[in-house]
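Trainee: Read off the chains here:
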Amino acid sequence: MTFINYAAREINCKIVYYGPGLCGKTTNIQFIYDKTGTGAKGKLISLATESERTLFFDFLPIELGTIRGFRTRFHLYTVPGQVFYDASRKLILKGVDGVVFVADSQEARMDANVESIRNLKENLREHGVSLEKVPYILQLNKRDLPTALPAPELEKALRIKNEPVFEAVASRGTGVFETLKAVVKAVLMDLKTR
Amino acid sequence: MAVSDLVLHEADHKRFTAILDRLRKDANAKVTFLIDKNGQQLAVAGQVDGLDPTSLAALSAGNVAATDGLAKLLGEREFSTLFHEGEHDSLHINVVSGRAILVVIFDERSSLGLVRLRVKKCTGELGTILDDIVTRSQSQRSSPTGGATPFAEITDDDIDALFN
Numbered sequence: 001m002t003f004i005n006y007a008a009r010e011i012n013c014k015i016v017y018y019g020p021g022l023c024g025k026t027t028n029i030q031f032i033y034d035k036t037g038t039g040a041k042g043k044l045i046s047l048a049t050e051s052e053r054t055l056f057f058d059f060l061p062i063e064l065g066t067i068r069g070f071r072t073r074f075h076l077y078t079v080p081g082q083v084f085y086d087a088s089r090k091l092i093l094k095g096v097d098g099v100v101f102v103a104d105s106q107e108a109r110m111d112a113n114v115e116s117i118r119n120l121k122e123n124l125r126e127h128g129v130s131l132e133k134v135p136y137i138l139q140l141n142k143r144d145l146p147t148a149l150p151a152p153e154l155e156k157a158l159r160i161k162n163e164p165v166f167e168a169v170a171s172r173g174t175g176v177f178e179t180l181k182a183v184v185k186a187v188l189m190d191l192k193t194r
Numbered sequence: 001m002a003v004s005d006l007v008l009h010e011a012d013h014k015r016f017t018a019i020l021d022r023l024r025k026d027a028n029a030k031v032t033f034l035i036d037k038n039g040q041q042l043a044v045a046g047q048v049d050g051l052d053p054t055s056l057a058a059l060s061a062g063n064v065a066a067t068d069g070l071a072k073l074l075g076e077r078e079f080s081t082l083f084h085e086g087e088h089d090s091l092h093i094n095v096v097s098g099r100a101i102l103v104v105i106f107d108e109r110s111s112l113g114l115v116r117l118r119v120k121k122c123t124g125e126l127g128t129i130l131d132d133i134v135t136r137s138q139s140q141r142s143s144p145t146g147g148a149t150p151f152a153e154i155t156d157d158d159i160d161a162l163f164n
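Taken in order, these protein sequences are the chains called W and E.
What the first sequence shows, in this note's numbering, is residues 1 to 194, in sequence order.
What the second sequence shows, in this note's numbering, is residues 1 to 164, in sequence order.
What the hints contain is simulated information worked out from the structure, not anything from laboratory work.
Among the hints, erroneous ones may be present.
Lysine-lysine pairs mimicking DSSO-like chemistry, simulated, CA-CA at most 30 Å apart [said to hold, decoys possible]:
(1) E:K120 x W:K41
(2) E:K14 x E:K30
(3) W:K181 x W:K161
(4) W:K90 x E:K14
(5) E:K72 x W:K41
Partial list, computed: chain E residues near chain W (C-beta under 8 Å) [said to hold, decoys possible]:
(6) L8
(7) G39
(8) L59
(9) A66
(10) A71
(11) G113
(12) A161
(13) L162
(14) F163
Quick reminder that beta carbons are idealized off the backbone N, C-alpha and C, glycines included.
Excised from the complex, chain W in its bound form:
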């Protein structure tokens, strides 16, 4: 649910990074935080466990600039990837404008990726949102690992509609901003068509 504030001349959109545990959702957000200028970002909030696993969510507000006299602000959230935090994942999807699915490229995590997409579909449906309609980007992360499956194989298994796909190594920042730009574009284009 996009929030258009005529009083403050700004538009606020919510983007959620989704994916299985340890796929690199927080790493994406952390890299965006590190490389964004002070004036264009707010605080990075991580509600994490003592072992730095996401407990509830990470939150990063960023401001990208002005379109048609309106400041564009994006609230980036991650969900906790671990299976048993499903209730929290569902809450965070409320009011989402765009989703980035961060897939773990390793062969051993294939089942976890598939299960997480199924879970995303189901949780979106509970908010009355269809994955087929929501602006959606697929990121294939951890491309640098020797155990990573070939990208075409991952795409075949994980691509669910004609969504843009980006290969990434989030720990080094590769593909992180390309993914962000794509989801921002998809969200704004979706707004245009409404």
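Chain W is fixed; fit chain E onto it per the hints.
Mentor: What follows is chain E alone, placed relative to chain W:
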């Protein structure tokens, strides 16, 4: 998408701010915030220096969402009021009309009883404005001219420029 966008006009903002300002004075509070349930700040009254309103909004919304989840587990519709007591400052959070969250920050110059009383008195007014906004958004969406936003003419170049 199934859910209507939330569109806040200057006049709505003024109405919210007037109520929040009155509440702040009546409750002897430091700051009063109105936030939508997704964590977007709608209006604020009082001294926000040293506060981070964006984070405060996101965390309050997360707090309410988690508490809503707990309520449902117990078979309750919602827990409409939350209270966090600090050594100096305290936080009173109240769900308004099921759509927004009213946050009051106060210190020892006020009391929980006073804040609760004043909050109760103004939630109806805030709820009416929220209902107006939602009704207007829905009627604009279903009108033949549509609820055209300033973004209807966005181009690829506009979006590319954001990242340059």
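Trainee: Against each hint, give a clear statement of whether it holds in the structure.
Mentor: So, going through the hints one by one against the coordinates:
1. For the proposed pair K120 of chain E and K41 of chain W, the alpha carbon gap of about 35 Å is over 30 Å, so the pair is violated.
2. Distance check on the hinted pair: K14 of chain E and K30 of chain E sit about 19 Å apart at the alpha-carbon level, within 30 Å; holds.
3. The hinted pair formed by K181 of chain W and K161 of chain W meets the criterion: a straight-line CA distance of about 19 Å does not exceed 30 Å.
4. This hinted pair does not check out: K90 of chain W and K14 of chain E have alpha carbons roughly 33 Å apart, beyond 30 Å.
5. Pair hint K72 of chain E plus K41 of chain W does not hold up; C-alpha atoms about 35 Å apart against a cutoff of 30 Å.
6. Of the supplied interface hints, the one on L8 of chain E holds, with its beta-carbon coming within about 5 Å of a beta-carbon of chain W, less than 8 Å.
7. Hint status for G39 of chain E relative to chain W: holds, with the closest Cβ pair at about 7 Å, below 8 Å.
8. Given hint, L59 of chain E at the interface with chain W, holds; its Cβ is 7 Å from that chain's nearest Cβ, closer than 8 Å.
9. Among the interface hints, the one on A66 of chain E holds; its C-beta lies about 7 Å from the nearest C-beta in chain W, closer than the 8 Å criterion.
10. At about 12 Å, the closest approach between the beta carbon of A71 of chain E and any beta carbon in chain W exceeds 8 Å, and the interface hint on this residue is violated.
11. Below 8 Å, beta-carbon pairs count as interface contacts, and G113 of chain E has none with chain W, the closest being about 31 Å; its hint is therefore violated.
12. Hint status for A161 of chain E relative to chain W: holds, with the closest Cβ pair at about 7 Å, below 8 Å.
13. Using the Cβ-Cβ criterion of 8 Å, the hint placing L162 of chain E at the interface with chain W is satisfied: the shortest such distance is roughly 4 Å.
14. Taken as an interface hint, F163 of chain E checks out: its beta carbon lies about 5 Å from the nearest beta carbon of chain W, inside 8 Å.
The structure fails to meet hints 1, 4, 5, 10 and 11 from the earlier list, while all remaining hints are met.
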